[in-house]
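Residue numbers (the working numbering), protein chains in the order written: chain A, 735 to 1237; chain B, -9 to 315.
The hints are simulated quantities; they were obtained by calculation from the structure and are not laboratory data. Predicted model, so just to flag it, every value in this text is computed and none were measured. Fair warning: there could be bad hints in the mix.
What the hints assert, rightly or not - Listed below are the simulated DSSO-like cross-link pairs for lysine-lysine, each with C-alpha atoms no more than 30 Å apart in a straight line:
#1 B/175 - B/295
#2 B/238 - B/267
#3 B/310 - B/147
#4 A/871 - B/155
#5 B/155 - B/180
#6 B/282 - B/307
#7 B/310 - A/871
#8 B/280 - B/295
#9 A/962 - A/1225
#10 A/1166 - A/1225
#11 B/147 - A/871
#12 B/175 - B/303
#13 B/281 - A/871
#14 B/282 - A/871
#15 B/280 - B/180
#16 B/282 - B/234
#17 A/871 - B/175
#18 B/280 - B/310
What the hints assert, rightly or not - Quick list of simulated restraints, FRET-style, between CB atoms:
#19 B/109 - A/1023: 58 to 64 Å
#20 B/239 - A/1210: 48 to 54 Å
#21 A/1148 - B/130: 54 to 60 Å
#22 A/1148 - B/144: 45 to 51 Å
#23 A/1200 - B/130: 24 to 30 Å
#24 A/932 - B/19: 35 to 41 Å
#25 A/871 - B/130: 18 to 24 Å
#26 B/222 - A/931: 52 to 58 Å
Built from N, CA and C at the ideal position, the CB exists for glycine as well.
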Amino acid sequence: MEIFSLLIEGFTIAFEPLNLGLVIFGCALGLFIGAMPGLGSVNGVAILLPMTFLVPPTSAIIFLGAIYYGAMYGGAISSIMLGIPGASTAVATTFDGRPMALKGLADQALVTAATASFIGGTISIILFTLFAPPLAKVALAFGAAEEFALMMLAFATFIGLGGDDIPKTLFSIFIGLVLSAVGLDIISGQPRLIFGDITGFMHGINFLVLAIGIYGIGEMLWTIETSKGEMTVSQANVTFRRIVDGFRTLRRTFKATMIGSFLGYFVGILPAAGATPGSLMAYGVAKTVSREPETFGKGNPEGVAAPESANNAASTGSMLPMLTLGIPGSPTTAILLGGMVIWGLEPGPMLFVEHRDFVWGLIASLYVANAFALLINIAFIPAFIWVLRLPFTILAPLIFILCIVGGYGPTQDMHDVWLMLGFGVVGYLLRKLDYPMAPAVLAIVLGPLAEISMRQSLLQSGGNVFVFFERPISGTIMVIAIILFLLPLIKLVRGMLGRKATG
Amino acid sequence: MMSSTHFRSATAIALGVVLGVFGGLANADWAPKKPIELVVMAGKGGGADKLARFMQSIVEKNDLSSKPILPVNKPGGSGAEALVYVKQKQGDDHTLLVTLNSFYTTPLRQPALGIEIMSFAPIARMAEDTFLLWVNVDSGINNVDDFVKAAKSAGNKWIMAGTGKGQEDQLLTSFLNSAYGLDMKYVPFKGGGRVAKELAGNHANSTVNNPSEQLGFYEAGNTRALASFTPERLPLFKDAPTFKELGKDFVYFMQRSVVGAPGMSPEAEAYYRKVFKAIYDSAEWQDYMKKKSLQGDFLTGDGLKEYWGREYKIHQKMLKDIGEI
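Next up, chain A with everything else stripped away, as it sits in the complex (with noise of 0.2 Å):
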């Protein structure tokens, strides 16, 4: 009962005046810094941290707290809206986001995110609260043996994201792995594929160029094809009674939710995943489990929810190291950590215990976030929906200048702007010839963690294969991550044996 008595003790601390201004201050924030490519949590936390000196250092953190929960929730709004990732942690979401606005699902799809982005969340501080110094254990627990296992079950979730054409889902997939070679090896300190001297090559491909360019310039085209030029407006509506109807369909995404919910805390306590790579993972699994798989990536609500639910259940998650091992658990919680030096707090182990009221402020404080981040979205749709009325001839050029800034602003560099627009041309070309693309999106942010976590088991055993298997968390997640490998084998002989049956 000692939790409940100290997370009162930190709902009084998150409902002073000053603090609760900033909580709902923070969301509103965050959602736009959410929504605006090129800007993601990682650039709206570091832009403000120095300021946060103003105030008291749990003040401080329950204000940025806001902010990267609110960038959560916002980060869906242009990939539904506009088809442009806002933020990394909202590349999955555009998979299904936007096909469902073409629908003239807009409202449909910001209420699914929106509810799902809250369930994940409030699921995620239950579990944190409850359970934060043993799930500490569980993150300390995972070496890079764990992590590669971890990446391989993500892999094997996807093999079936590009529908039926699991030749076309391989190629995808390795076009992002050659993709994310780029740049700097941490094991040797080479760089590789950096085509002579490219010095725009050393830093990597940022996902999010490749996410943009695909998504953003790629869907531009073709919707410009398509519309033959054409002033199109697309249909959308929205009543106080179509969102209400919104909720509805809460009972057709519940179990892509509660997948995303669970899934996405997990990644997130991992040190080095985050919530991009939690909300890829939820989708894939999803769409696994789901009992009607083909809809995916045409806009299924589920394939809305599952990554919804994930980067926010995520982005708490990913407090758990930083609170209690000191380890980041994501890039913004990296950013965060850093501010904790600055009001002066050391995270860490003791953390929970030298410094309670910052603690439980937080906490509590996210319960309350979480609540304002919904309630803000949900009032915000009808200004949402009124861009997608705008005709297509002023929408396409809008989202030109958004799709540029967000491919300068992660690295500010001009060369992943020219990047971005040739994956952009690609990202079309491959979209004409069926290619499914949100497997390479999925490589490009695995590969270099599978990579690396698989390099450092083998040089930590000794160039031993079995490394994976010898320990019991790793040795469990490759076996399953091995069943689903082969699912759709099974699937492909099962249906050609039945066939010869009935021919």
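Assemble the complex: chain A is given as a structure, and chain B must be docked to it using the hints.
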């Protein structure tokens, strides 16, 4: 070339003296006209990045600069991307770079980059970070003798986790290997925090982290400091002897310095020296140095260049010894 830089730094020092005398009055000579770019040769959230943002916050809090200082991350190629970027900003008065020891090692390992470290404007050495040898408390290792015994019997199964390749942690590992006849295996991870976690989770046997990276686990009683690579014992870790005391005459630091773009005007150089001296003298910085066990006086101008010259040679020798160059 050399004489002109000498001349430039001489003027800068003279100017610095004048600035010191006339204070704010002389300051009117030069002031930044736009936000100052503080390039960080590491990703967001890394050690150098944290420090850059910490300095930024001190500047903001105490209103030390008329224009804001904005950290920009260029993490590629162990600092190669950042060094090349700043080098290309030749003559720019609004570009600074936060450097580590990759300031020496990266140009040494990649001569093709054409980086001449002495061409950068020597603004300030803000601190020297210290290194210690750490093990997990569970290992039952209490001192360097135990460590050597255990690592010897484990042979190449003994895992030393560190950050980066051909950089600080690996140089220290190879020193330990040759000084004690060990065959430890070096496994690189991304970031000192991650390295600390590998040790705390028993995935690695030892690390040579900076105190700031290992402190959380140390205070929780999870990891133990065996010895330090400093000339004298560190106040925070009084029980850990120095390697010097143990008969190995070896001392190693990591610089935390700020440099300006090559060819920066002497007026701008003088301005930034004043800003960073003020940061160094601030209560926040001094407190941080004490808490994180950082050492080193404020160095600037010729003093800083002399220091670079010494460290450059030391790193050249160390890299040659491990066959990296």
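| field | Violated hints, by number in ascending order, as checked against the structure | value | Result: hints 1, 2, 7, 9, 18 and 26 break, sorted rising.
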